[in-house]
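These protein sequence lines map, in sequence, to chains V and B.
Anchor point for the first sequence: position 3 equals 220 in the numbering used here, and the numbering is continuous, going up by one each time.
Anchor point for the second sequence: position 1 equals 431 in the numbering used here, and the numbering is continuous, going up by one each time.
Rather than coming from a laboratory, the hints here were simulated on the basis of the structure.
Calculated cross-link-like contacts (lysine-lysine; reagent style PhoX-like; alpha-carbon spacing at most 20 Å):
id : chain 1 : residue 1 : chain 2 : residue 2
1  : V       : Lys-377   : V       : Lys-289
2  : B       : Lys-447   : V       : Lys-377
3  : B       : Lys-435   : V       : Lys-325
4  : V       : Lys-377   : V       : Lys-296
5  : V       : Lys-287   : V       : Lys-377
6  : B       : Lys-435   : B       : Lys-447
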Amino acid sequence: MPKQPQTPSSAPDTWLTEHGDALYRYAYFHVHNTNLAEDLVQETLLAALIARENFAGHSSERTWLIAILKNKLVDHVRKQAREQPLAEYAENEDEAVEALFAADGHWKRPPSLWETPAQAFEQKQFWQVLTRCIARLPVAQAHAFRLCEIVGREGNEACKVLGVSATNLWVLLHRARVRLRQCLEIQWFGRKAKVER
Amino acid sequence: MLSCKEVTRLVSLSYEKRLSWPERAGVRMHLLMCRFCTRFAQQMRFLHAACHSFQQALQEDDTIYLSQAARLRIHHALSGNH
Numbered sequence: 218m219p220k221q222p223q224t225p226s227s228a229p230d231t232w233l234t235e236h237g238d239a240l241y242r243y244a245y246f247h248v249h250n251t252n253l254a255e256d257l258v259q260e261t262l263l264a265a266l267i268a269r270e271n272f273a274g275h276s277s278e279r280t281w282l283i284a285i286l287k288n289k290l291v292d293h294v295r296k297q298a299r300e301q302p303l304a305e306y307a308e309n310e311d312e313a314v315e316a317l318f319a320a321d322g323h324w325k326r327p328p329s330l331w332e333t334p335a336q337a338f339e340q341k342q343f344w345q346v347l348t349r350c351i352a353r354l355p356v357a358q359a360h361a362f363r364l365c366e367i368v369g370r371e372g373n374e375a376c377k378v379l380g381v382s383a384t385n386l387w388v389l390l391h392r393a394r395v396r397l398r399q400c401l402e403i404q405w406f407g408r409k410a411k412v413e414r
Numbered sequence: 431m432l433s434c435k436e437v438t439r440l441v442s443l444s445y446e447k448r449l450s451w452p453e454r455a456g457v458r459m460h461l462l463m464c465r466f467c468t469r470f471a472q473q474m475r476f477l478h479a480a481c482h483s484f485q486q487a488l489q490e491d492d493t494i495y496l497s498q499a500a501r502l503r504i505h506h507a508l509s510g511n512h
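All chains should be built: construct the whole structure from the sequences, respecting the hints.
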């Protein structure tokens, strides 16, 4: 059989079987809603069907499908940000972040020492804890963090999608990191962290 | 001398853009003397690396999967289109 390098190796029928769960997991992480995540998987596969000829074969089929899903997720965030403007969240203070420092800017609640952080990556539960910590972020921070750090969009694009200025985006990302650091410290490193001053 | 609060902000900002020379120098000086901010900076590196590996880890979490009903529905939607 002659090979067709411009089309994915397997037929669309097998996409669902082979990549359905992976796509769903990725979508679910971002939207935390079963129906919405299922719809996004369906939209992704329909879009892939139409764009099949554009698959260049440079990446794996899975990577190609995830890239399409990422575009769908970004569209979804854009729509949400239009309905609920996010800029004001960056302009108001975040008390959880403010509470870490004294009035003179010194640590009031300094970071603990994390033991063997590298081993965390190998443990399934770690990723579940990180997922939970991200889900607990205030909505504007969660959008900004997922878009820039997980989906991997550039700052300029993230600003347009979220409808915020670059300064606002930086504020949101900083707060998200500070909160995530704290959440991981309590939820994951908590038992191991040494309290020292 | 930069405060700890200011240093944490700049450490975080360095993931978005290149800091100015005075900012970089200020952060470096502060980190030499402050173990808490050094810790913070290390933990930011950890978080950044974790996010990098996250996509792969997410796809392998077998506690989350498409329901049979959703699978069928999507299958029908796909077969109606080609």
